[in-house]
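J.: Those sequence lines, one after another, are chains A and B. The first sequence begins at 651 in this note's numbering and counts up one residue at a time. The second sequence begins at 214 in this note's numbering and counts up one residue at a time.
Any given hint could be a false lead.
With the C-beta cut set under 8 Å, the calculated list includes, among others, these residues of chain B facing chain A [said to hold, decoys possible]:
id	residue
1	Val-245
2	Ala-246
3	Leu-251
4	Asp-257
5	Thr-258
6	Pro-265
7	Trp-278
8	Gly-339
Facing chain B, according to a computed beta carbon distance under 10 Å, are these residues of chain A, among others [stated by the list, open to error]:
id	residue
9	Ala-686
10	Leu-698
11	Val-718
12	Phe-790
Source of the hints: derived by calculation from the structure; they are not laboratory data. The structure displayed is predicted, hence computed values, not measured ones. No residue lacks a Cβ here, since even glycine has one placed at the ideal position from N, Cα and C.
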Amino acid sequence: MAVETKERVPVPAPRPGGTGVRAGRERPSGGFELWAWLFMRISGLVLLFLAVGHVLIMHVLDEGIDRVNFDFVAVRWDDVFWQTWDWAMLSLALVHGINGLRVVVQDYVRPAGARFAVNMAFYTLGFILFVLGTVVVFTFDAGKWAGAV
Amino acid sequence: VTHVAKRKSDVGTLYRGSPGQWSWIAHRITGVAIVLFLFVHIVDTAVVGWGPEAYDRVESVYQNWFVRLLELGLVAAVLYHALNGVKIMLFDFWPSTTRHMKGLSLATTGLFLVAMVPITWIIGKGTLELLGWI
Chain A
651 MAVETKERVP VPAPRPGGTG VRAGRERPSG GFELWAWLFM RISGLVLLFL AVGHVLIMHV
711 LDEGIDRVNF DFVAVRWDDV FWQTWDWAML SLALVHGING LRVVVQDYVR PAGARFAVNM
771 AFYTLGFILF VLGTVVVFTF DAGKWAGAV
Chain B
214 VTHVAKRKSD VGTLYRGSPG QWSWIAHRIT GVAIVLFLFV HIVDTAVVGW GPEAYDRVES
274 VYQNWFVRLL ELGLVAAVLY HALNGVKIML FDFWPSTTRH MKGLSLATTG LFLVAMVPIT
334 WIIGKGTLEL LGWI
């Protein structure tokens, strides 16, 4: 994990004699930052379907949040398709979000020690939530409360 | 000391920036908002493991009109972040598209606003029903 991230390299000035309009945007030249850059785009594309789909299904379509309750979750998570969807979304969103926070922290938290501490706090929280979410998605058994509903 | 008169443009105008600057800050704000919600949302969803009574009590937080507005904001944030993310990928993987940055920013924002019309209608209607106004 790149906890001690370096300052971002400034955008090079347009070459003399050029049009003055630089095509494209800055991108990391290699190493961890390039993989992180690529991950953000690939996971973003997958989350475009997983997260936007999730938000529309849960909050907009067919009565939205009003129909979401224990029984609703029980039916959904009885299906491996939705378990896989939710777990993939959990994993990708957490890494995408926490890497996003790392980039934001890089911009606003200047002292190295504080930056390290803030990043570690997010990584730890992310790991705990990943474990919690994974356990719940795959071990949830609505049958335990059969008859109680 | 020589008195240097300030040009009118130094004091009287608001810096408006370019569309890219505004979409950058909007992308950042929506991103941070979404990930903070995600942290809470993983925990509230995990409560389902403690049975129907516990989970339905947590879910009942949505029976509050203010939470419904936050819900609308969340949907808007996810949708904006996703659409603007597509624009970013377009620029990054097909660099020549940056020449149409203004047009694409306008298109992204337009698409977002158009999508938000029915979404606001649906969540807004639910909120008003909750309040017993309709």
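J.: Hint by hint, say whether it matches the structure.
T.: Taking the hints in turn, this is what the structure says about them:
1. Val-245: holds (6 Å)
2. Ala-246: It is violated, given that the least Cβ distance between B/Ala-246 and chain A is near 10 Å, above 8 Å.
3. Leu-251: Result: holds, 6 Å to nearest chain A Cβ.
4. Asp-257: violated (11 Å)
5. Thr-258: holds (7 Å)
6. Pro-265: holds (4 Å)
7. Trp-278: violated (13 Å)
8. Gly-339: Interface hint status for B/Gly-339: holds (6 Å vs cutoff 8 Å).
9. Ala-686: violated (13 Å)
10. Leu-698: A/Leu-698 check passes; min Cβ-Cβ to chain B is 5 Å, inside 10 Å.
11. Val-718: With a closest approach of 6 Å, the A/Val-718 hint holds.
12. Phe-790: With Cβ-Cβ at 6 Å, under 10 Å, it holds.
Hint compliance for this structure: hints 2, 4, 7, 9 are not met, and every other hint is.
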